[in-house]
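Enquirer: Throw the hints in and build the complete structure from the sequences for me.
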Amino acid sequence: QVQLVESGGGLVQTGGSLRLSCAASGIFFSIYTMGWYRQAPGKQRELVTTINTKETTNYADSVKGRFTVSRDNARNTVTLQMNNLKPEDTAVYYCNAGSVLKDEYWGRGTQVTVSS
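Residues in the sequence shown are numbered consecutively from 1, following our numbering.
A hint or two may mislead.
Derived DSS-like pairs (lysine-lysine); straight-line CA-CA distance at most 25 Å [stated by the list, open to error]:
1) 64 x 43
2) 64 x 86
3) 43 x 86
Between beta-carbon pairs, the in silico distance windows are [unchecked claim]:
4) 13 x 102: 37 to 43 Å
5) 25 x 81: 21 to 27 Å
6) 1 x 42: 29 to 35 Å
7) 60 x 105: 17 to 23 Å
8) 102 x 16: 33 to 39 Å
9) 25 x 68: 20 to 26 Å
10) 73 x 115: 34 to 40 Å
11) 25 x 57: 21 to 27 Å
12) 62 x 103: 27 to 33 Å
13) 81 x 30: 18 to 24 Å
14) 84 x 105: 26 to 32 Å
15) 57 x 7: 19 to 25 Å
It is worth saying that the hints were derived from the structure and are not from the lab. Backbone N, C-alpha and C fix where the C-beta goes; we use that ideal spot for every residue, glycine too.
Expert: Shown next, in the form of structure tokens:
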């Protein structure tokens, strides 16, 4: 059974930092591109960042320079360090795993709230 479990969300003031983690099980983690997406109330889910099997990263323009994604293949985890948070970063953040075999998995999400 595949599981992606996010943790680390919470309430933070503008300018603060949070560190999200996603622990994966049931997949051969190292062959998956891992990603973080977010969905704010009333909005569509959007891509935040991805990190592929070669640790090449991709970021949405809105988070470049503030967010950093990393992965640990030995521990089957992907981490999102979020600095200088803004109210517009408020959303539910979801972990995603996808492979070249076109299988895809999602976590249940963790709430991030940034107060102004």
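Enquirer: Next, verify each hint and record whether it holds.
Expert: Evaluation of the provided hints:
1. 64 x 43: Holds. Residue 64 to residue 43 sits at ~20 Å (cutoff 25 Å).
2. 64 x 86: 13 Å, holds
3. 43 x 86: 17 Å, holds
4. 13 x 102: 37 to 43 Å: 41 Å, holds
5. 25 x 81: 21 to 27 Å: The hinted range 21 to 27 Å holds for residue 25 and residue 81, with Cβ atoms some 22 Å apart.
6. 1 x 42: 29 to 35 Å: 32 Å, holds
7. 60 x 105: 17 to 23 Å: 21 Å, holds
8. 102 x 16: 33 to 39 Å: Holds - the Cβ-Cβ distance for residue 102 and residue 16, about 38 Å, lies within 33 to 39 Å.
9. 25 x 68: 20 to 26 Å: Holds, at about 24 Å.
10. 73 x 115: 34 to 40 Å: 35 Å, holds
11. 25 x 57: 21 to 27 Å: 23 Å, holds
12. 62 x 103: 27 to 33 Å: 28 Å, holds
13. 81 x 30: 18 to 24 Å: Given range 18 to 24 Å: holds, Cβ gap about 21 Å.
14. 84 x 105: 26 to 32 Å: About 30 Å separates the Cβ atoms of residue 84 and residue 105, which means 26 to 32 Å holds.
15. 57 x 7: 19 to 25 Å: 21 Å, holds
In the structure shown, no violation is registered for any of the earlier numbered hints.
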